[in-house]
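Using the sequences and the accompanying hints, generate a full structural model.
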Amino acid sequence: MKLLSLESDTRHTKTGLRDDPKFAAGRIAVIQYVTVAIFLFLISGFWDLQVRNPELYQGLAERNRIKSVPVIAARGKILDRDGRVIVDNHLSWSLLLSRETVKPEHLKAIADGLHLDYDDLLLQLKRYKGRPKYEPVIIKQELTPADIAFVESHSDPEFFPELELIHAERRLYPQNGFAAHVIGYTGEISESELDEPEFAKYETGSVIGKFGIEKQYNDTLMGVDGQREVVVDNRGRERQVLGIKEPVKGKDLELTLDLDLQTVAELTLEGRKGAIVALDPRNGEVLAMASRPTFDPNKFSVRIKSSDWKELLDNPDHPLLNRAIQAQFAPGSTFKPLMAIAGLEAGAIDDQFTIHCPGGATFYGHYYKCHEVDGTVSLHKGIVRSCDVYFYNVGNRLGIDQIAYYATQAGYGHASGVDLPNEASGVVPSSEWKIRNFRQKWYAGETISVSIGQGAVTVTPIQLARAIGGIAMGGVWYKPHLLKSAKPEPPHQLALNPENVAKVVSGMCGVVNEAGGTGVRAKLPGVEVCGKTGTAQLASNAFLKRGGKAGKDNAWFVGFLPPEHPEIVVAGLYEGGEKSYFTAALVRDVLKAYVDKKTRLGQSLLAGNKPAPAAPAAPVSPDLPKGTEPSTPGGERE
Amino acid sequence: MSGYLNVRDIDWGMVIISLVICALGVVQIFSAAHGTAWQDAWWKQIIWTAAGLLLMWIATSVDYHALMQHITALYLLSIGLLVTVLLIGKQAFGSTRWIPLAPGVHLQVSEFVKLVIILLVARFMTELHSDTLETRDLLKVLALIGIPMLLIVKEPDLGTALTYLPILAVGAFLAGLNWRYLAAVGVLVILVLPVGIHFLQPYQKARLVSFLDPDRDPRGTGYQVIQSKIAVGAGGMWGKGVAQGTQTQLRFLPVPHTDFIFSAFAEEHGFVGVVVVLALYFMLLMQIVKNAQTAPDRAGMYICMGVAALVLFHVLVNVGMVVGRMPVTGIPLPLMSAGGSSMLSMFLMLGLVNNVRLRRFVN
Chain V
1 MKLLSLESDT RHTKTGLRDD PKFAAGRIAV IQYVTVAIFL FLISGFWDLQ
51 VRNPELYQGL AERNRIKSVP VIAARGKILD RDGRVIVDNH LSWSLLLSRE
101 TVKPEHLKAI ADGLHLDYDD LLLQLKRYKG RPKYEPVIIK QELTPADIAF
151 VESHSDPEFF PELELIHAER RLYPQNGFAA HVIGYTGEIS ESELDEPEFA
201 KYETGSVIGK FGIEKQYNDT LMGVDGQREV VVDNRGRERQ VLGIKEPVKG
251 KDLELTLDLD LQTVAELTLE GRKGAIVALD PRNGEVLAMA SRPTFDPNKF
301 SVRIKSSDWK ELLDNPDHPL LNRAIQAQFA PGSTFKPLMA IAGLEAGAID
351 DQFTIHCPGG ATFYGHYYKC HEVDGTVSLH KGIVRSCDVY FYNVGNRLGI
401 DQIAYYATQA GYGHASGVDL PNEASGVVPS SEWKIRNFRQ KWYAGETISV
451 SIGQGAVTVT PIQLARAIGG IAMGGVWYKP HLLKSAKPEP PHQLALNPEN
501 VAKVVSGMCG VVNEAGGTGV RAKLPGVEVC GKTGTAQLAS NAFLKRGGKA
551 GKDNAWFVGF LPPEHPEIVV AGLYEGGEKS YFTAALVRDV LKAYVDKKTR
601 LGQSLLAGNK PAPAAPAAPV SPDLPKGTEP STPGGERE
Chain B
1 MSGYLNVRDI DWGMVIISLV ICALGVVQIF SAAHGTAWQD AWWKQIIWTA
51 AGLLLMWIAT SVDYHALMQH ITALYLLSIG LLVTVLLIGK QAFGSTRWIP
101 LAPGVHLQVS EFVKLVIILL VARFMTELHS DTLETRDLLK VLALIGIPML
151 LIVKEPDLGT ALTYLPILAV GAFLAGLNWR YLAAVGVLVI LVLPVGIHFL
201 QPYQKARLVS FLDPDRDPRG TGYQVIQSKI AVGAGGMWGK GVAQGTQTQL
251 RFLPVPHTDF IFSAFAEEHG FVGVVVVLAL YFMLLMQIVK NAQTAPDRAG
301 MYICMGVAAL VLFHVLVNVG MVVGRMPVTG IPLPLMSAGG SSMLSMFLML
351 GLVNNVRLRR FVN
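Which chain is which? The protein sequence lines are V and B, in order. Using my numbering, the letters of the first sequence map in sequence onto residues 1 to 638. Using my numbering, the letters of the second sequence map in sequence onto residues 1 to 363.
These are computed hints drawn from the structure, not numbers from a lab. Glycine included, every Cβ here is placed at the ideal spot set by N, Cα and C. Treat the hints with care, since some could be wrong.
[Said to hold, decoys possible] Here are a few chain V residues that sit away from chain B, every Cβ distance over 12 Å (derived from the structure):
id	residue
1	Ala29
2	Gln124
3	Asp314
[What the hints assert, rightly or not] Pairwise CB distance ranges, derived in the manner of DEER restraints:
id	chain 1	residue 1	chain 2	residue 2	range
4	V	Arg52	B	Gly186	31 to 37 Å
5	V	Arg52	B	Ala184	36 to 42 Å
6	V	Leu242	B	Ile46	35 to 41 Å
7	V	Pro104	B	Gly80	44 to 50 Å
8	B	Arg136	V	Tyr33	28 to 34 Å
9	B	Val192	V	Pro104	22 to 28 Å
10	B	Gly146	V	Val241	54 to 60 Å
11	B	Val7	V	Ala29	56 to 62 Å
12	B	Gly146	V	Tyr33	25 to 31 Å
13	V	Val30	B	Gly146	21 to 27 Å
14	B	Trp43	V	Arg52	33 to 39 Å
15	B	Ala184	V	Tyr33	20 to 26 Å
16	B	Leu142	V	Glu55	33 to 39 Å
[Claimed, not checked] Calculated Cβ distances over 10 Å to all of chain B for the following chain V residues:
id	residue
17	Gly45
18	Ala61
19	Leu91
20	Gly223
21	Thr362
22	His414
23	Pro490
24	Ala585
Set out below in structure tokens:
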């Protein structure tokens, strides 16, 4: 011990170190308390995370590792009546943006690199706000090779690892807006739609039908998207597949459209503004429906660019309007066959009834013009020459309410019920209608204008086709439809006197086939076509008085064949066409396509049926679906 | 003098606690790093531990008074090595901290300079003439420590540089630092901080920002904090089991075998495991402090308290970072984080403590 203390002494003197280690005992105690406090501080941190709300963090950890990647289900194809493909799908690349990993400052560069609208992109992301973060957003579809190159060259972690490419089957619509109004388009479900109950079953980001058949039969066409759940690590690499929910493809849809007729209808309308509708009056099948101007549904396929959408909306010609079912115009002289049958049926006139047309007539103190001086006019000549004075008299004898009755029976004034969204109903004026809408009584003078399809009466092309077809069928009006598998509903019927029908039909045959007929341009060699022209003033006189600019008149034509047991009725509207015989030529082309096809297929129903009204029509082609054969009052067969 | 040394007198409690922590660390390194580029880090860690025990014995054997005699030489050697690091050092993760020693072995000089700083502070404080620390002396020792700190900040490795401060702080506190000075320093720091932030590296600024508000940059620096908190929280009370933590195994956790080893541990062993390990660290610290209390002289007391201060600071900052209560600084958890330099320097420090302990009966 002594030695030790000695040694300690030397050390002390050498270094001047001091030996009273207890001098800081109190301060060491302070440090011990600080240590305790620090450990309590740390443990409370773990208590917070691990004991108070572990579920929250367990959930976060789960989500961290599981990524769900949508597998887009293909929509069903849309086929024509012969099974030919109208709308197909094609395999394309879509681009997913992970909302979990996206850095806001990247968005601008991504938008630029992919030629996306930056504001559109932000808007789209905003819409996903309420969704779980691990659900990605599809920010671009139909990637071009340049887009794919951009994504792949920027997939490294230092660029945009938030981007991921997936395969998707996308809509491939016909080019040049072919049948665009019938087919419609698809698009991403919008915010406002999501709030409506009918869209409740869809989710943000779903691509649904928005227009036309795509919308009408969305539930059939739309598949159920699948999902791949994968475990990923922090680099986004898949490490394990947890589960795959296979996508369910949508069902194909066969339409009643006939591509051959549709093509002709589209071609004849090209460069014009108007619509063509072809119906089979025996069952209501829509054989062709075209509207111009048109639009390119491919631009909509998922999300249309804001600029493209604005351009469509701002176009004064309203390309999105399906004129076949939405254009409501005065029918003009195409209203006259209905007036004739109404007059005959109601007994207001008979086939002996004639008038003298000096080029105009005065009713109720007003002078009403006729376009020509027709001399003595009978029913037949009245239809063939489209004599206004004759039908002024018919209308005057019938009165507005009788006209309204027959017009309504023929399907005017209410939607035809075709399976397309947003059909217009047209207007059939009546004394009740006048009171309801204007709180005024009907003036007999107004009937005179309505008698020739002017005034308040408006119709759509599909209504016109259906009405004329039904009259030619002897009073059987089927509901037009586009879905081939649809069971035809029982038609609306009004037993017309076959003799009366025959007289009107004969007049309509004269329109096309007789010298002096207004629709001779619809004449086809070897087949008898019946039809009626119509020219309707675009602006009312009152409108012109207010300083409105007079537009060109709308030209109508409606034609059908064969005269007895009609198989096809075609209505054409040529907006601003001025002369109805222009439209007659358009309708003729479609009818010719129908006849040509029949001939080509050897179903020469009409070939041997040279104009011989006395002889019954050739047998109905045997391949017609059962139950579609109409019960024509004109001639019973089978 | 070595004749007085007896293996039985070593603080076995302290050593055993350290080895238990090391063992837990090895298991966790294995669990966190298998299947990665660091999958053999666990057995390297065992080798480092063995080497550490050897170094501990050497550090125990040489009388700490002798070491303190040569503090000037040690200090100059440290400065020289730190400058060498800056000149020829090996880069990793954007900073230069290592000197290649042998193939595959790199020395992180700043870890070993810690020992010199401990000895330096101990010697400086022992040689004071009064029982209250004068400002002049404080500034002097601050300047001495400041030079190596600046060199390390230049690497850049702010975290390790900061670990030198608690050694000084505890030393100054024990040496009788006037409370008023403490308060003055506090005010000064608060005033200087905004200016200081201006001189921080961008990544350091980002770390500071993400510490204050991790959700602001969830994929950047805040990412580490968020992922670490998720890992810890997901562990719950009992943990997910060894090698079962998804945060760890799927690499959402950054560097789960080094700086974030404790979040990996917390995920796989839960709150219970956390409390056990923190209790071990607490016992280790108390053991070191006990050795300070029984030290034969002020120098020994300062050495032990310097070691305690350093370990406490490491635990506070590293574990605090794991639960999001401290900024991300990148300093390892002593005895657990994989890494040779940190391991060896830790055992050298334990050696110093034993060194003091073995000489406690000297007076």
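(Q) Is 25 to 31 Å respected by the C-beta to C-beta distance linking glycine 146 of chain B and tyrosine 33 of chain V? (A) holds, 29 Å
Q.
Between the beta carbons of tryptophan 43 of chain B and arginine 52 of chain V, is the distance compatible with 33 to 39 Å?
A. Check passed, 38 Å falls within 33 to 39 Å.
Q) Looking at alanine 29 of chain V again, its CB stays over 12 Å from all of chain B? A) violated, 9 Å
Q) Does the no-contact call for threonine 362 of chain V survive, Cβ to all of chain B over 10 Å? A) At about 85 Å from chain B, threonine 362 of chain V clears the 10 Å cut-off, so the statement holds.
Q: Given the hint of 22 to 28 Å, check if valine 192 of chain B and proline 104 of chain V actually sit that far apart at their C-beta atoms.
A: Check failed, 33 Å falls outside 22 to 28 Å.
Q: Find the nearest Cβ of chain B to the Cβ of proline 490 of chain V and say whether that gap is larger than 10 Å.
A: Fine: 64 Å to the nearest Cβ keeps proline 490 of chain V off the interface.
Q. Between leucine 142 of chain B and glutamate 55 of chain V, does the beta-carbon spacing fit 33 to 39 Å?
A. violated, 48 Å
Q: Starting from the range 35 to 41 Å, see whether the pair leucine 242 of chain V and isoleucine 46 of chain B falls in it by beta-carbon distance.
A: holds, 36 Å
Q: Mind verifying the non-interface call on alanine 585 of chain V? Its CB should be farther than 10 Å from each CB in chain B.
A: holds, 66 Å
**Q.** Claimed clearance of chain B by glycine 223 of chain V, with the beta carbon kept past 10 Å
**A.** holds, 32 Å
Q | Cβ separation of arginine 52 of chain V and glycine 186 of chain B, checked against the hinted range 31 to 37 Å | A | Holds - the Cβ-Cβ distance for arginine 52 of chain V and glycine 186 of chain B, about 32 Å, lies within 31 to 37 Å.
Q. Since aspartate 314 of chain V was said not to touch the interface, does its Cβ keep a gap of more than 12 Å from each Cβ of chain B?
A. Aspartate 314 of chain V clear of chain B: closest Cβ-Cβ about 41 Å, beyond 12 Å.
Of the numbered hints listed earlier, those contradicted by the structure are 1, 9, 11, 16, 17, 18.
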